[in-house]
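Novice: Protein chains in written order, with this note's numbering: chain Z, 1 to 317; chain D, 1 to 317; chain H, 1 to 317.
A portion of the hints provided could be inaccurate.
Any copy will do: because identical chains look the same in the list, a pair fits if it lies in one copy or spans two.
[What the hints assert, rightly or not] With a Cα cut of at most 25 Å, we get these calculated SDA-like pairs of lysine to any residue:
| no. | residue 1 | residue 2 |
| --- | --- | --- |
| 1 | Lys257 | Lys281 |
| 2 | Lys281 | Gly264 |
| 3 | Lys175 | Glu105 |
| 4 | Lys302 | Arg292 |
| 5 | Lys302 | Phe92 |
| 6 | Lys166 | Asp148 |
| 7 | Lys306 | Asp81 |
| 8 | Lys166 | Glu84 |
| 9 | Lys257 | Asp204 |
| 10 | Lys88 | Glu244 |
| 11 | Lys263 | Ile301 |
| 12 | Lys74 | Phe96 |
| 13 | Lys67 | Leu184 |
| 14 | Lys167 | Asp245 |
| 15 | Lys302 | Glu91 |
| 16 | Lys111 | Tyr174 |
| 17 | Lys36 | Leu15 |
| 18 | Lys111 | Glu91 |
| 19 | Lys167 | Asp80 |
| 20 | Lys302 | Glu313 |
| 21 | Lys167 | Asn130 |
| 22 | Lys274 | Trp300 |
| 23 | Lys176 | Tyr50 |
| 24 | Lys176 | Pro117 |
| 25 | Lys274 | Leu20 |
| 26 | Lys49 | Thr11 |
| 27 | Lys302 | Thr11 |
Just so you know, these hints were derived from the structure itself, not from any lab.
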Amino acid sequence: MRFDDPVPVTTIAQLIGAELVGNIEGFATGINEIHKVEAGDLVFVDHPKYYTACINSSASFIIINTKTYFPEGKALLIVDDPFEAYLKIVEFYRPFAPSMKMMSESASIGKGTTIMPGAYIGNHVTVGNNCIIYPNVAILDHCIVGNDVIIQSGTVIGSDAFYYNKKTSREIHYKKMTSCGRVLIENGVEIGANCTIDRGVSHDTIIGAGTKMDNLVHIGHDTVVGKNCLFAGQVGIAGATTIEDNVILWGQVGVSKTLTIGKGAVVYAQSGVKDSIEGGKVYFGSPVEDAREKMKELVWIKRIPKLWEKVMEGKEK
Amino acid sequence: MRFDDPVPVTTIAQLIGAELVGNIEGFATGINEIHKVEAGDLVFVDHPKYYTACINSSASFIIINTKTYFPEGKALLIVDDPFEAYLKIVEFYRPFAPSMKMMSESASIGKGTTIMPGAYIGNHVTVGNNCIIYPNVAILDHCIVGNDVIIQSGTVIGSDAFYYNKKTSREIHYKKMTSCGRVLIENGVEIGANCTIDRGVSHDTIIGAGTKMDNLVHIGHDTVVGKNCLFAGQVGIAGATTIEDNVILWGQVGVSKTLTIGKGAVVYAQSGVKDSIEGGKVYFGSPVEDAREKMKELVWIKRIPKLWEKVMEGKEK
Amino acid sequence: MRFDDPVPVTTIAQLIGAELVGNIEGFATGINEIHKVEAGDLVFVDHPKYYTACINSSASFIIINTKTYFPEGKALLIVDDPFEAYLKIVEFYRPFAPSMKMMSESASIGKGTTIMPGAYIGNHVTVGNNCIIYPNVAILDHCIVGNDVIIQSGTVIGSDAFYYNKKTSREIHYKKMTSCGRVLIENGVEIGANCTIDRGVSHDTIIGAGTKMDNLVHIGHDTVVGKNCLFAGQVGIAGATTIEDNVILWGQVGVSKTLTIGKGAVVYAQSGVKDSIEGGKVYFGSPVEDAREKMKELVWIKRIPKLWEKVMEGKEK
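Just chain Z, with the same shape it has in the complex (with noise of 0.2 Å):
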């Protein structure tokens, strides 16, 4: 998430009680998440396993729950419970302040673009020129939508992500982290019906020109899908995934979060892609394997009887 403007890092500091250290004077542009910070930007990090990645990232200004770091030309704000001040600062500077309208008067719809009824646009969504919006469609604040877009009826475009920091203080419990991330639709998608693609938690989800989505297929938050990639019915995308350009998935395919598919790649129907797999390919099964030697497999075990029946054979003589 951008600032509107600059903030003083010491505002931020007294915003969130933190003790600061190092570059007081800077100003911080934003606030985002370890993958996908850039300098100016805050970052937050409670877990020593990710205190070196963090302070070695791009970002600025480190809020952090220990006192042993000193990277130059950063600031750290130190604090005891670094996830409640990102959570304080998303709130404060992207406060939830909804639209009650339909068509929320802080939103910007280009020409030639129709708006169909029962359609919710929240505030500060840009919609491009040349644009169908079916009814009931809901896009939310922030999100930005291309030219020659097509959304079709009962799309959700920039829900919350699915994404809660586990507590265990007396029973295990889940506490969200609040998305201020957005979702950019690049020119000439098309988006099924009932689908559902999340903003990103503090990144951009987007989707790139040209891709084509079925109906009821799901996005995740911080996903990047490429230009020209098709998505067939019921496919499942979890997320900060990145797609690449031209992949092609079949029906109800599920890809799991922070992996890559490279570029051309095809998936069969109902696979599960678990780890990264490179483009070019075509995949089948679940977990997913190169296609053909998976269709051989499949071959292979209608011969165990045979194997078993040899085998016998061979011990009884």
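Given chain Z, put chains D and H in place with the hints provided.
Specialist: Chains D and H in isolation, oriented as in the chain Z frame:
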């Protein structure tokens, strides 16, 4: 379903044209299906296979199509078609009479709760304090939502059960069993976009406190979900199933009806649960098995060609 | 798609800039794709592989990109790009002109039917008698719903087909084939919440009388479903497939395109149907096989370690 006030069993008998035998002085407090009945309830049974279970259940009033039983302290309501009698009672005491406004005047909305535009709130719905109900959600008649609940866009709470009586007169067809149950959503539950949670047929579908669901999740009628569970995108759970506390179901998992998943069980993505499984373990596959065993099986399958080669060599020698 | 009135083929030729040869006196009554054409129809073909099939189909008027055929009694409309000519005809005779009210004035609603708030009923839609259309349903232009039909909240009837023409100029991209077909829902059908039923590309998607669907079910374009079928939650059926009467598909089943499932077939949960299957049998697996055989296979797989041990022992001796 509870009646608003207890109803003399003689009134019920008259409504459905039943012959009344046994304790004819009683008052019925509700109507329920056999797995959920309590003292004071009406229940119906039309198949000899279930006569004994029904007679021995906690129900006080049994709608039945035989005269062979005389259970002490209970009343029998004898009719030719108990299923039709059940439908008549439900339609009389819980008639279809929906609100024709987006927000029913009989709904009760708590303090600090935001109901966004395009959301439909039906008759006798209760929503607690500090909830967010996003655009185009539908919460249908009689459902109850606790405090601090978030329901994202397009989700439907209280759709009818998928529950039909098979009829074979002339040709096979299906007659709907009218749903008169509710959905109860406890405090701190968060539900994603475009999910569907069916009401109970005659009892309640319950989502336990602190449970979080991603998008496009389906929960069947009369299913009871425990506290602090996590269900990832596109999970589907059939009817009358019990999910105990702290269960984690990853994306696209399917769960069959009338089974139990034990406390703290974890089920990997795309798996299928067709029978009850113990808590505290990790599962994979369709149908599921112990995840580690199932993973090993995938390795064993890859050894078949080598085995084949060895056995055939052995044979040739 | 039927034209409102028959159109002289000379008018069509002029609209698309075609050279007209053969029977130039005819009147076109509609436009269709090759699998669905009838006498009087226009059809288009742009690939030599399908020239003969198209010429020999029932179509009376063939939009084609070659001059090598002279079929008796038919007319050829010769153009460089038949696909673009098809789009031009559809856009001219079935222009995108949606209702901007939730209930179109050109819609026809039968007696005893309840249309609940937030439901969108498009232009030229017909809904029969004694139906219930729940909140936030969308029934899009030209779709037809019979009597005694229930459509639960959030369901979309008549979304566009997921049907694209692959273009490879410069880079691979996809051009939408404009849908001009309809959805026909016969009497007594009941459809769950947040389902999607696509319209036909140029013909009709049909749901047969008495069929019942659970929530989050997807039905593709031009698919024809028989009478008294049951589809459980999250079933997905691709385009142009035929499901005969009394078929039961359990939860999360996926069915591929342009195949046939025979009468009375039962497919177990999470299975995948990729080729046509006979009626009257029970299936399981992805891809499906006879359910009992598939179950046995699961047992055989568990015997591989024992087989391995025996063979290796035999070898060591």
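Novice: Could you run down the list of hints and mark each one as holding or not?
Specialist: We went through each hint and held it up to the structure:
Both within a single protomer and between protomers do Lys257 and Lys281 lie at most 25 Å apart by alpha-carbon distance, with minima of 20 Å and 22 Å respectively. Taking the shortest alpha-carbon separations for Lys281 and Gly264, only the intra-copy value of 7 Å comes in at or below 25 Å, while the best inter-copy value is 38 Å. Taking identical chains as interchangeable, the C-alpha atoms of Lys175 and Glu105 are never at most 25 Å apart, the minima being 32 Å within one chain and 33 Å between chains. Proximity of Lys302 and Arg292 under a CA criterion of 25 Å is satisfied in both settings, with 16 Å inside one chain copy and 14 Å between copies.
Proximity of Lys302 to Phe92 under the C-alpha cut-off of 25 Å is found in neither arrangement, the shortest distances being 62 Å within a copy and 55 Å between copies. Taking the shortest alpha-carbon separations for Lys166 and Asp148, only the inter-copy value of 18 Å comes in at or below 25 Å, while the best intra-copy value is 41 Å. Taking the shortest alpha-carbon separations for Lys306 and Asp81, neither the intra-copy value of 62 Å nor the inter-copy value of 54 Å comes in at or below 25 Å. Within a single copy, Lys166 and Glu84 get their C-alpha atoms as close as 13 Å, which meets the 25 Å cut-off; across copies the closest is 49 Å, which misses it.
When the C-alpha separation of Lys257 and Asp204 is checked against a cutoff of 25 Å, the pair qualifies only within one copy, where the shortest distance is 15 Å, while the shortest distance between copies is 34 Å. Taking CA atoms no more than 25 Å apart as the test, Lys88 paired with Glu244 passes in neither setting, with 35 Å inside one copy and 33 Å between copies. In this assembly of identical chains, Lys263 and Ile301 lie within 25 Å of each other by CA distance neither inside one copy nor across copies; the values are 32 Å within and 30 Å between. Taking CA atoms no more than 25 Å apart as the test, Lys74 paired with Phe96 passes in neither setting, with 30 Å inside one copy and 56 Å between copies.
With identical chains, the CA atoms of Lys67 and Leu184 are never at most 25 Å apart, being 38 Å at best within one copy and 47 Å at best between copies. Taking CA atoms no more than 25 Å apart as the test, Lys167 paired with Asp245 passes between copies only; the shortest distance there is 15 Å, against 38 Å inside one copy. Neither within a single protomer nor between protomers do Lys302 and Glu91 lie at most 25 Å apart by alpha-carbon distance, with minima of 58 Å and 52 Å respectively. Taking the closest pair of Cα atoms, Lys111 and Tyr174 come within 25 Å of each other only across two copies (23 Å); inside a single copy the shortest separation is 44 Å, beyond that limit.
Taking the shortest Cα distances, Lys36 and Leu15 sit within 25 Å of each other inside one copy (23 Å), while across copies they are farther apart (52 Å). In this assembly of identical chains, Lys111 and Glu91 lie within 25 Å of each other by CA distance solely across copies; the values are 20 Å between and 34 Å within a copy. In this assembly of identical chains, the alpha carbons of Lys167 and Asp80 lie at most 25 Å apart only when taken from the same copy (15 Å versus 56 Å across copies). For a Cα distance limit of 25 Å, the shortest separation of Lys302 from Glu313 qualifies both inside one copy, at 19 Å, and across copies, at 20 Å.
Proximity of Lys167 to Asn130 under the C-alpha cut-off of 25 Å is restricted to the inter-copy arrangement: shortest distance 21 Å between copies versus 47 Å within a copy. In this assembly of identical chains, the alpha carbons of Lys274 and Trp300 lie at most 25 Å apart whether taken from the same copy (24 Å) or from different copies (20 Å). In this homomeric assembly, Lys176 and Tyr50 come within 25 Å of each other (Cα to Cα) only inside a single copy, at 20 Å, whereas the closest approach across copies is 46 Å. For a Cα distance limit of 25 Å, the shortest separation of Lys176 from Pro117 across copies, 24 Å, qualifies, whereas the shortest one inside one copy, 32 Å, does not.
In this assembly of identical chains, the alpha carbons of Lys274 and Leu20 never lie at most 25 Å apart, being 41 Å within a copy and 55 Å across copies at closest. For the homomeric pair Lys49 and Thr11, neither the shortest alpha-carbon distance inside one copy (28 Å) nor that between copies (69 Å) is at most 25 Å. For the identical chains of this complex, Lys302 and Thr11 are neighbours neither inside a copy (68 Å) nor across copies (60 Å), given an alpha-carbon limit of 25 Å.
In this structure, the earlier hints numbered 3, 5, 7, 10, 11, 12, 13, 15, 25, 26, 27 are contradicted, and the remaining ones agree with it.
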